[in-house]
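Construct the entire structure; sequences and hints are all you get.
Chain order of the listed sequences is A and B. Here the first sequence is numbered in numbering that gives the first Met the number 0, starting from 0 and rising by one per residue. Here the second sequence is numbered in numbering that gives the first Met the number 0, starting from 0 and rising by one per residue.
If you're looking for bench data, these hints aren't it; they were derived computationally from the structure. Each residue gets a CB set at the ideal place from its N, CA and C atoms; glycine is no exception. Take these hints with a grain of salt, some might be off.
What the hints assert, rightly or not - Derived DSBU-like pairs: lysine-lysine, alpha-carbon spacing no greater than 35 Å straight-line:
id, chain 1, residue 1, chain 2, residue 2
1, A, K161, B, K4
2, B, K53, A, K161
3, A, K100, A, K4
Unchecked claim - So the derived label-pair ranges between C-beta atoms look like this:
id, chain 1, residue 1, chain 2, residue 2, range
4, B, F25, A, A9, 20 to 30 Å
5, B, W92, A, V21, 53 to 63 Å
6, A, V2, B, R44, 50 to 60 Å
7, B, A18, A, L150, 18 to 28 Å
8, A, K3, B, A78, 47 to 57 Å
9, A, L150, B, S113, 40 to 50 Å
10, B, F25, A, L73, 29 to 39 Å
11, A, P26, B, E71, 21 to 31 Å
12, B, G40, A, L143, 28 to 38 Å
13, B, D63, A, G53, 34 to 44 Å
14, A, P26, B, C65, 17 to 27 Å
15, B, V67, A, I131, 23 to 33 Å
16, A, P26, B, A18, 38 to 48 Å
17, A, K3, B, T45, 51 to 61 Å
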Amino acid sequence: MNVKKLTRLALLTTIALIIFMVEAQIPPPIPIPGIKLGLANIVTVYAMFALSPGDALAVLVCRVFLGSVFSGQLMTLFYSMGGGLLCWLVMLLLRRLLSKKQLWVAGVFGAMFHNVGQILVAIALTRTPGLIAYLPVLLVSGILTGAFTGLCAQFLLAQLDKIGQNGGPAD
Amino acid sequence: MKTQKFWLFLVGAVLLVSAVAGMLVFRGRTGAATASIYQDGECIRTIALDDVNKPFSFTVEWEDGCNVIEVERGRIRVAEADCPDQVCVRQGWISNSVVPIACLPHRLVIQLESAGSGVDGVAG
Ligand SMILES: [Zn+2]
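Structure, rendered in structure tokens:
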């Protein structure tokens, strides 16, 4: 790992963390466990498609961990990590299927599976299968917020491409 | 742009199915409600909501946090909690809803179960 790559990952993690912390201050409009905008997803989509899956995973895991510590929500670390890993996995599968004009699809499926992962961890930890009742609403919210964050990442990537600042894999 | 259309169609279909399923779930009703309170997977208390004559409340502790649960005839809610997200409090009263109240940071779930079997049907 060279200095350039390390710097870039650290910067991305910082950006994702700031987005996450700001968003944590805004209460979700609907009181359903797990519903949120998930703006930090923009960074995950960007890293997955502009850099590499490994880079995306590193940024994601660091952000989820540091985010839980800094926001004092260590209790929710398992839920976020479960969601984050499933989100990463589904984006990895989609990576080869999607063109640069279809990053919004990665955002949609990433957010949907983030919510699925979260609810699965919640069911496992609380051992109450009834929590599955939240799933349809979480899927709807995942699709809507994911389309938004995915489009943001798509737009960001297109702009960076235009000014030739995308770099690609640094190693 | 054929694939773009494919993805739009797929996402649209999933959205539609989820929205319909969500509406059905949120309109689903249990029968005569018994509230079961689960903490970390253990059922720590069951309350027959229709037999409650005098409203009461009690506190459930979890590590260094707690939830104050309030019960009235036919309904139950989390009145106060010191969890960071406050989602459980904002979920408000439930009286015959299939959708449970959950405080994930405190691993607490309040679920309504009818004496019979699960969902009794859909009512507006
Ligand atoms: Zn709570």
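Quick rundown of the hints versus the structure:
no.	hint	result
1	A/K161 x B/K4	25 Å, holds
2	B/K53 x A/K161	68 Å, violated
3	A/K100 x A/K4	26 Å, holds
4	B/F25 x A/A9: 20 to 30 Å	43 Å, violated
5	B/W92 x A/V21: 53 to 63 Å	32 Å, violated
6	A/V2 x B/R44: 50 to 60 Å	57 Å, holds
7	B/A18 x A/L150: 18 to 28 Å	20 Å, holds
8	A/K3 x B/A78: 47 to 57 Å	54 Å, holds
9	A/L150 x B/S113: 40 to 50 Å	43 Å, holds
10	B/F25 x A/L73: 29 to 39 Å	31 Å, holds
11	A/P26 x B/E71: 21 to 31 Å	25 Å, holds
12	B/G40 x A/L143: 28 to 38 Å	32 Å, holds
13	B/D63 x A/G53: 34 to 44 Å	37 Å, holds
14	A/P26 x B/C65: 17 to 27 Å	20 Å, holds
15	B/V67 x A/I131: 23 to 33 Å	27 Å, holds
16	A/P26 x B/A18: 38 to 48 Å	23 Å, violated
17	A/K3 x B/T45: 51 to 61 Å	60 Å, holds
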